[in-house]
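K.L.:
Sequence:
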Amino acid sequence: MADDGQADTYAGLYAKLASVGPYGPGVGHALITMVEPHPGHEHGYHRWYEDDHFIAGAMAMPWIFAGRRWVAPRELQLLRYPEKSAVAQPVTAGCYLSLYWLTAGRYEEHMRWTVAINKRLNRDARVYRDRTHVFTAFHDHAVTVYRDGAAGPRDIHALDHPYTGLVVEVIDAESAEQRAELLEWLRVKHLPKRLGAGSPAAMVTVFRPTPLPLDRMSYVNQVEGVDTRLTLLWFLQRDPREVWDEHFTGLDAGPGRIELVAPFIPTIPGTDTYADQLR
1 MADDGQADTY
11 AGLYAKLASV
21 GPYGPGVGHA
31 LITMVEPHPG
41 HEHGYHRWYE
51 DDHFIAGAMA
61 MPWIFAGRRW
71 VAPRELQLLR
81 YPEKSAVAQP
91 VTAGCYLSLY
101 WLTAGRYEEH
111 MRWTVAINKR
121 LNRDARVYRD
131 RTHVFTAFHD
141 HAVTVYRDGA
151 AGPRDIHALD
161 HPYTGLVVEV
171 IDAESAEQRA
181 ELLEWLRVKH
191 LPKRLGAGSP
201 AAMVTVFRPT
211 PLPLDRMSYV
221 NQVEGVDTRL
231 TLLWFLQRDP
241 REVWDEHFTG
251 LDAGPGRIEL
261 VAPFIPTIPG
271 TDTYADQLR
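Under my numbering, think of the first position of the sequence shown as 1, with each following residue one higher.
Just so you know, these hints were derived from the structure itself, not from any lab. Because the structure is a prediction, the values reported are computed rather than measured. Hints may contain errors.
Simulated DEER-style distance windows between Cβ atoms [stated by the list, open to error]:
hint, residue 1, residue 2, range
1, Leu78, His43, 20 to 26 Å
2, Ala142, Leu17, 25 to 31 Å
3, Asp239, Pro39, 22 to 28 Å
4, Arg74, Gly198, 27 to 33 Å
5, Asp130, Arg74, 30 to 36 Å
Below are the SDA-like pairs computed for lysine to any residue, each with C-alpha atoms no more than 20 Å apart in a straight line [claimed, not checked]:
hint, residue 1, residue 2
6, Lys119, Ala56
7, Lys84, Tyr14
8, Lys84, Glu169
9, Lys119, Lys189
10, Lys84, Asp239
11, Lys193, Val143
12, Lys119, Ile64
13, Lys16, Gln6
14, Lys189, His133
15, Lys189, Asp172
For every residue, glycine included, the Cβ atom is placed at its ideal position computed from N, Cα and C.
Construct all of the structure, not just a fragment, from the sequences and the given hints.
P.N.:
Encoded structure:
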């Protein structure tokens, strides 16, 4: 318990923190984390993440302004491709996905906070060990492409709007220069065409991964493809199973190589729905 002097000091620091630095309403960065609970720990992991970690390990932190969890029951896992994925081995690994939006320009400050809070959670035995991080990375926002132009939710609303499904697509380029070409191709040609009238996706957000700090938690692998990879999030207004064959089989990667196409549906907060459908 802090004494009165410490409390005054902390209050002053918080007041200063709020009075300086960026605080605009934009998606500047994202945390995208795809995790596989170990067999037999599906319910335990889900309850820990939803009841504790989603809040104390993410939403309570400064500069995270939206978050949402997604799940891939076995039926959705089996739709994933390619079979030989550089992201998930096997490609069905990673049945829970969490997404968080971070305020633009606050990445460095947030990283210092998240490393510190996760060290504290570890010391306090509030970390679930029986899980594997399949794909966990912070990202910088590159572009968002919309189906309906100015009508409809913006990307800042994407994790609060009741979207029915999500498709995660990871594309690797051969070089940093080719990634720039890939991003331009996605922005100008590919995504506007795919998001035409009748598309089940209302928007696609595109992100570039960033390296994790050296003092990250040891159970989270360093990010691969920092200079060559793009991560796309397709926000759907239809269940992925209803539109998969027509809209998501054989996606074109242009001047890149697809390493993962994976559908998810939102979890239902406060319930264990889908936890018994993962194997």
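K.L.:
Sort out which numbered hints this structure fails and list those numbers smallest first.
P.N.:
Of the numbered hints given earlier, those the structure breaks are 5, 7, 9, 10 and 14, listed in rising order.
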